[in-house]
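Visitor: Protein chains in written order, with the numbering used here: chain S, 1 to 395; chain C, 1 to 89.
Please note that a few of the clues may not be correct.
Some residues of chain S that are not near chain C, with every Cβ distance over 10 Å (derived) [claimed, not checked]:
#1 56
#2 129
#3 146
#4 149
#5 172
#6 233
#7 279
#8 289
#9 291
#10 299
#11 300
#12 310
#13 323
#14 327
#15 331
#16 371
Below, a sample of chain S positions facing chain C; criterion: calculated Cβ distance under 10 Å [as the list claims (entries may be wrong)]:
#17 151
#18 241
#19 245
#20 248
#21 250
#22 328
#23 390
#24 391
Since the hints were derived computationally from the structure, they do not count as laboratory data. Glycine is no exception: its CB is placed at the ideal position from the N, C-alpha and C atoms.
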Amino acid sequence: MPAPEPAAVAAPAAAAPGMIVELSPGERRARDGFRTFAAERLAPHAQDWDREQAVPREVVAELAGRGWLGAPLAADLGGGGMDPVVYGLLTEEIGRACSSTRSLLTVHDMAALALARWGSAEAREEYLAVLGRGEEIGAVALSEPGVGSHAAAITTAARRDGDDWVIDGCKRWITFGQIADLFLVFAAAEEGPTAFLVPADAAGLSRQPIRGVVGTRAALLAELTFEGCRVPDRYRVGRAGTGVSHVAATALDHGRYSIAWGSLAIAQACLDASLEHTERRVSFGRPLREHQLVQQMLTRMIVDTRAARLLCCRAGHLRRSGDPAAAGETLVAKYFASRAAMAAALDAVQLHGASGLVDEAPVARYMRDAKVMEVIEGTTQILEWLIPRFPATEL
Amino acid sequence: MEDRKGIEDRKGRIREFLGRFFRNREIEDQEDIFSLGFVNSLLAMQLVQFLEKEFGIAVEDDDLDIDNFRTITALDALVARKSGVHAGA
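With the sequences and hints as input, model every part of the structure.
Guide: Following this line, the structure appears as structure tokens:
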């Protein structure tokens, strides 16, 4: 297996002599542990799960048992208190083996972090610790059949009824919606978009599996239907009217960070597969890798993957220090890494020829998974609208 | 009451942060930033993060009244209130 790309990492706190672009020994050890788990428990089965369109419950339980669901949630809130760069490494190693499994971390942690930041004291008391331990699975319900990028246009409605809220509407494309225990739901209230916690067993909430998605096929997507679904006001997350401006913004900021590393994971997986294949496969009397146009494709893949890694690490470094510029840099990382993953996957399939165009080919799965990354948590086009609106920062 | 220097320093730091998003213009104290056409949810989130990190305050749910974020004067008053100082006019 080719050596992993060197990673850029934050300098240690206090008196750093200058920019350090390497993982610390502790970060390497953490990454190696994540990589071992992913290689043993996820990679051998990812193709099967993709075909069966389900990540097994046992895997969910294993992730929870290792403290990897709720990992970025602060330790004093019941989470793992995981450092952002280490979290990125976890995300990458999980995602390199199985993008569907990685997406569980994405949505669970989005819900947990949004609750931690904006939830009522009662809701935080009730749910943060169980989410932090992965005892209950969280998911995010924002998209609707008619609403994607224009989040503020959601039509699922929430109206006050005494001390409760009553929710009616439909959410679609909810990652891990088939098994989630708790949903962060965004609905239109009189004051504007408002976020709510809705337990999966709430009366008036039903869910239907969505099958046949092209990418992250094992991510147990669902459609949710709310019919007179009642939740108490303590389950409102954030002030009424701040559902998109603040609660979704918090959730999506984390989601984009996760997708950035998840995209890097796909790019790296494509690179690994392509290097191995082009070393082994002979054409016109020599290994593919000795052909110049193949070298051109590999060069693009190598450089793009390395650049994506540096951008992900820079975003992680800024998140680690709580720098307000982190959100903008996270957008940049997601934008670049997702496009790099798509380009790498297309080239990986091309390099594999016909053997890359069958259901059982991992590179075909990477290509399908990569396309998802350009759509979720902010499409490529939305990011092209957003990124120029952020101040460009210099290193 | 907090002295004028402290208030102006705080407003200056807020103005400097906002200035990164609104290039080539100096935002006046009472100028409505939401009318400048550049505000989106990510700016709203970054603004909260900036205030918390820069001034060591915790922006809570009850603080998320849009009027608290509408102008530099309003932001300054929010920070002063959360910091426990009494801001001047």
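Visitor: Tell me the numbers of any earlier hints that the structure contravenes, in ascending order.
Guide: Result: hints 13, 14, 15 break, sorted rising.
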